[in-house]
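Trainee: Going down the list, the protein sequences come from chains A and B.
Sequential numbering from 1 applies to the first sequence in this note's numbering.
Sequential numbering from 1 applies to the second sequence in this note's numbering.
I should point out that these hints are in silico values taken from the structure, not numbers from a laboratory.
Hints should not be assumed to be uniformly reliable.
To be verified - Just a sample of chain B residues kept apart from chain A, beta carbon distances all over 10 Å, derived:
| hint | residue |
| --- | --- |
| 1 | Met1 |
| 2 | Asn8 |
| 3 | His30 |
| 4 | Leu32 |
| 5 | Ile33 |
| 6 | Arg35 |
| 7 | Ala39 |
| 8 | Ala46 |
| 9 | Gly47 |
| 10 | Ser49 |
| 11 | Val61 |
| 12 | Val67 |
| 13 | Gly69 |
| 14 | Glu70 |
| 15 | Arg88 |
| 16 | Phe97 |
Said to hold, decoys possible - Examples of chain A residues toward chain B, derived with CB under 10 Å:
| hint | residue |
| --- | --- |
| 17 | Arg26 |
| 18 | Leu27 |
| 19 | Leu47 |
| 20 | Pro96 |
| 21 | Ala309 |
| 22 | Tyr420 |
| 23 | Val475 |
| 24 | Gly479 |
Note that the Cβ used here is the ideal one computed from N, Cα and C, for glycine as well.
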Amino acid sequence: MYRYDEFDHDFVGQRVAQYRDQVERRLSGEITEDAFKPLRLMNGVYLQLHAYMLRVAIPYGTLNSTQMRRLARIARDYDKGYGHFTTRQNIQFNWPKLSDTPAILEELAEVEMHAIQTSGNCIRNVSADHFSGAAADEVADPRPYAEILRQWSSNHPEYSFLPRKFKIAVTGAERDRAAIQVHDIGLHLKRNEAGELGFAVYVGGGQGRTPMIARKIRDFLPEADLLSYTTAIMRVYNLNGRRDNKYKARIKILVHETGEAEFARQVEAEWDKLKASELKLPDADLRAIAAYFAPPELQDRAEGWAGLAARKKDDEGFASWVRQNVTPHKHPDYGVVTISLKPIGGVPGDATDVQMEAIADLAERYSHDEIRVSHEQNLVLPHVALADLEKVYHALLEQDLATANAGLITDIIACPGLDYCALANARSIPVAQEISNRFASAQRQQEIGALKIKISGCINACGHHHVGHIGLLGVEKKGAELYQITLGGSGDENTSIGQIVGRGFEPEKVTDAVETIVDTYLGLRESAEETFIDAYRRVGPEPFKEALYGKTSRAA
Amino acid sequence: MMKVLTANRLTDGIAVWLGANGRWLERIDHALIARHREAVDALEQAGQSAFHDNLIVDVAVIDVDEVDGEIYPIRLRERIRAKGPTFRTDLGKQAEFQQASAA
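Excised from the complex, chain B in its bound form (with noise of 0.2 Å):
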């Protein structure tokens, strides 16, 4: 079991992650992997929380994997809020990180 915290930050609108370092991140990269129940459990009271603070909307828990060592997550929809438009590759993160490796 492997998952992480996403949302959309509420002033933009843009796809955050929940980082290690219990900031909202821009790139997926550093995202806080959950490993067993009781941190997915926290993931989601973090979500709760952050919500109620007014920051991010749209919370959600979702499954990732890990891929040469980097975050994978499993749906395509996931992958392209970690990217940006397939098609347009200087939209998005991808373009704002050149290094972003989520797909």
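Next comes chain A alone, as it looks inside the complex (with noise of 0.2 Å):
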């Protein structure tokens, strides 16, 4: 992965020093709340409902165990003992005193780490498939192009006041596991007829009040433009994007007011102009950074397989753990596995300081040192040999991380919802806490298959929920909680908005909804294998309110 050069020790160092003095002045009351809230906020200070709250970047989710082990002291000494993997790939700390904050800062540091650009109008944290560098249907490993991209953003002095927050995912394989078309640029790499890499160049996606899927303004852009183009597209925005109205300040809106072509025009036109700029990447630049993402050296280790096969037998908790959570490398004689954040009835997302230490130990002994943080609030130990699968598993039964519901439909995504968010209008986590026990039967889960829930508390959408398959939206009416629930929603490469399927329920009936929901897709699917995805494609919402409201709904 990825070390620091002088350079970025210098300027991560510098910022630690800048942010301590800036914190000092503020708590001596030499500068105001005013002046000091967007510096705090520019190190991913917040302040939330019972604490501040610090959100650290963890570049394109990849991470290594004196990275996590980090995480976990500061989660021990400085927090609460447990930190909480985020949809964009980061962790946040829900209770450190902004006193301590410097501290933290010098202590991410000092393990290449900073919470730099987690917040404000800026480039956030590029995010990236979480399975990059392992996964057997990759084409290249995104990642390098993600850290040319972290580069080139970071503390840009052009990108430092965009209109609104800009947040860009790669991915390099055709299942798109990053969520590329609800981004603000998603760029899928890939290879065209003469077998040179580049990418398609989705813009405009987004979640949020106004969700929108991304259009593909090129279908491919050789690796060589990366910078030349995104930059044009950065300046278009730039120039045109609405600041008169935060709600209407995101590229997706002005992508879609422009207009698609039009919008592909101006781009192209302001490419003109840099294409052959300094932007255009020198290959040599190109392949020194890749060779930091160059793929672990795996040993064959053959003897895995007939020793798996038999282990399964044996052992069927272990059997569904691999079926469900280990899936195929590039390497056939390692797997990639999925660590489930979401044990039953759990809080999805959060890892105490004795779970991530042991992840790093893990990491460490049987996965070549690496660690990756999912969007969909799970750990991942990218290279483990198909002989060392049981060592692994029994590791994390221990530490109640051996959860086998990868994808399914206790594999929740929630944000933290109004038990910790000062934006939230309603509480996410107990409600995937319920849904979670409700439908807690391995057995069950295995039935329903392939299910994502996902849930906001409010309509900032960082819980996802417009992608979910089920995805529910709390929102505020007359002071109670009510949840509304959408369906049809997909964040791959059929993306799909999910569209409200009625009025909303309270919190002790919205799971029973859900499992409504479920029971009526289990009714009509033609087959096990017809996903609820698929089959929700197949018939539409019409089956599912008749179920959620009774016939009667059709008139209203």
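Two independent chains are provided; combine them into the complex using the hints.
Mentor: Below is the structure:
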């Protein structure tokens, strides 16, 4: 993975020193809250309901065991013994003292981490397929390009005051695990007929109060043109994006209002001026960054095959975990392990300091020192030999981290919601917990198959409800929580935005409603192979509406 | 009309309420209740003043009720601030002050 060079160390070190001074001046009353707030936000420090919250960037969701151990230590020494992994592949600490935050940032800097650009109207942490560099179906590792974008966008003066925040995601496989079509820019790394690497470029996707699917404005952008073309997009946005209305300031609104063809034309015109400039990436630079992400040297471990089959036979729990949480690796003797942070009835995305340390140990011993954070709020060990799976499984089991539910109905995404968040209107986590408990049976989950439930506690959609197969949006109505249900959303290569199915449900009724939807699906699917989303796309919302509200709802 | 004044403490962000003794309290139980317009104005003024003195941030006057002699914030958001996360009773005021009684 990428290692800081002298410039990076210097840059992050300087920022920590500046921030330490800013906090000291704030605490002594030398600067006002109005002056200080943007400064703390630039360093990932928010104020939430109970305390400050620190959001730490995990670039493209990749970290090593040293970094994970440091996150655990911060959770223990400065927080309340846990952290929350987010849908942006970051981690948040919920209880830090403002006076401790400079020391925390110092601790992070020591392990090449920071919280820069995790807030504000700038280019945020670039997210990536969490299986990058490991998945069998990948064309090429997209992370070197994410790293190039990170370096280019960090502290870039031209992008420090964008109309609104800006999120970029990259994937290197046909199967989109990074939800690129609901990002401001989505980059799909692929090869052209000549075998050269380049990107399909999507622009103007996003969730929030106006969900939109990104438009593909270029089918193949040569890799060397990544920065010049991205700069062209940013310039069109920076110039024309709306600054008069916060709710219309994202690039999706600009693309929508300008029209896809005209927007693409403006980008191409801007790009014409830039493509021969110093922004063109020299091949040597591309290769130098790519070298940081060279795949680990994986020895053949063919002995794993026979042993794995035998052990699966002996242990049904292990067999179902392998089936559900281990996916194919480029190297046939290896697997990609998803560590579920969704124990039955647990808090989606939360991990204790002890769990983080256990995962760091496993990464070091069995996964070439690499860990990933997925946007689905799970962790990943990307390079585990099949021969080691059983040892990893048992170690995870001890830490309550071996729930075999990746991609199933209890693998729920949920934002922090009203239990923590100052923006939220309703709680998310307790709803996720109740649904998880209702569908706790492993057998029942298997029978239901692939089904993504995503829950947001407000319209900002941090819980990605718009792209949940079943999405839940918590709102406040007459002082009480109410949950609106959307159906048919999807955040993959066939992205769709879920449609509201009808009137919302009170907290005590929402789990029943989800169960009604699931039972309706089970009753109408053509076979066990027809997944929820496929069935929904075949039959549409009516059978679900009828099951939820009765036939009379049609007139409403 | 019943209102209390709440904020988060500057140094650590912890939720606090203005008490009858003029101090910022870590629990809502003994918050000063304003029962008429003038008293609310006084609360707002006290909030402004503490904000300018760099003691607190995010200051707000919130609606409360009295239930069995205890202060009960009208909005769920404020009840959660007064107790802690609803699914983790080992955290927040509800854990720190066993008799926290806001929700």
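Trainee: The structure should be examined with respect to each hint, and the outcome stated for every one.
Mentor: Status of each hint after checking the structure:
Every Cβ of chain A is farther than 10 Å from the Cβ of Met1/B; the closest lies at roughly 17 Å, confirming the non-interface assignment. Against chain A, the non-interface label of Asn8/B is violated: not every CB pair exceeds 10 Å, the least being about 6 Å. The beta carbon of His30/B sits about 19 Å from the closest Cβ of chain A, which is more than 10 Å, so the claim that it is off the interface holds. Listed as a non-interface residue, Leu32/B keeps its Cβ farther than 10 Å from every Cβ of chain A; the least gap is roughly 21 Å.
Non-interface call for Ile33/B relative to chain A: holds, since the shortest CB-CB distance, roughly 20 Å, exceeds 10 Å. No beta-carbon of chain A is positioned within 10 Å of the beta-carbon of Arg35/B; the least distance is around 21 Å. Residue-level check passed: Ala39/B sits 23 Å from the nearest beta carbon of chain A, beyond 10 Å. At roughly 17 Å, the least C-beta separation between Ala46/B and chain A is larger than 10 Å, which holds for a residue marked as non-interface.
With 10 Å as the threshold on Cβ separation, the claim that Gly47/B sits away from chain A holds: the shortest Cβ distance comes to roughly 13 Å. Residue placement check: Ser49/B keeps its beta carbon more than 10 Å from all beta carbons of chain A (closest about 13 Å). No Cβ of chain A approaches the Cβ of Val61/B within 10 Å, the least distance being about 16 Å, so the stated non-interface status holds. Residue placement check: Val67/B keeps its beta carbon more than 10 Å from all beta carbons of chain A (closest about 15 Å).
For Gly69/B, the non-interface assignment is confirmed: its Cβ lies about 22 Å from the closest Cβ of chain A, beyond the 10 Å cut-off. Listed as outside the interface, Glu70/B is consistent with that label: its C-beta sits roughly 19 Å from the nearest C-beta of chain A, beyond the 10 Å cut-off. Separation of Arg88/B from chain A is inadequate, the least Cβ-Cβ distance of about 8 Å not exceeding the 10 Å criterion. At roughly 13 Å, the least C-beta separation between Phe97/B and chain A is larger than 10 Å, which holds for a residue marked as non-interface.
With a least beta-carbon distance of about 8 Å to chain B, the hint placing Arg26/A at the interface is held under the 10 Å criterion. Proximity of Leu27/A to chain B holds as hinted, the smallest CB-CB distance being about 6 Å (cut-off 10 Å). The closest approach between the C-beta of Leu47/A and any C-beta of chain B is roughly 6 Å, which is under the 10 Å cut-off, so the hint is satisfied. Nearest Cβ of chain B to the Cβ of Pro96/A: about 8 Å, under the 10 Å cut. The hint holds.
With 10 Å as the threshold, the beta carbon of Ala309/A stays out of range of chain B, its nearest partner Cβ sitting at about 40 Å, so the hint is violated. Here the hint on Tyr420/A is kept, as its CB sits about 6 Å from the closest CB of chain B, short of 10 Å. Hint on Val475/A is violated. Least Cβ distance to chain B is approximately 12 Å, over the 10 Å limit. Using the Cβ-Cβ criterion of 10 Å, the hint placing Gly479/A at the interface with chain B is satisfied: the shortest such distance is roughly 7 Å.
Hint compliance for this structure: hints 2, 15, 21, 23 are broken, all remaining hints hold.
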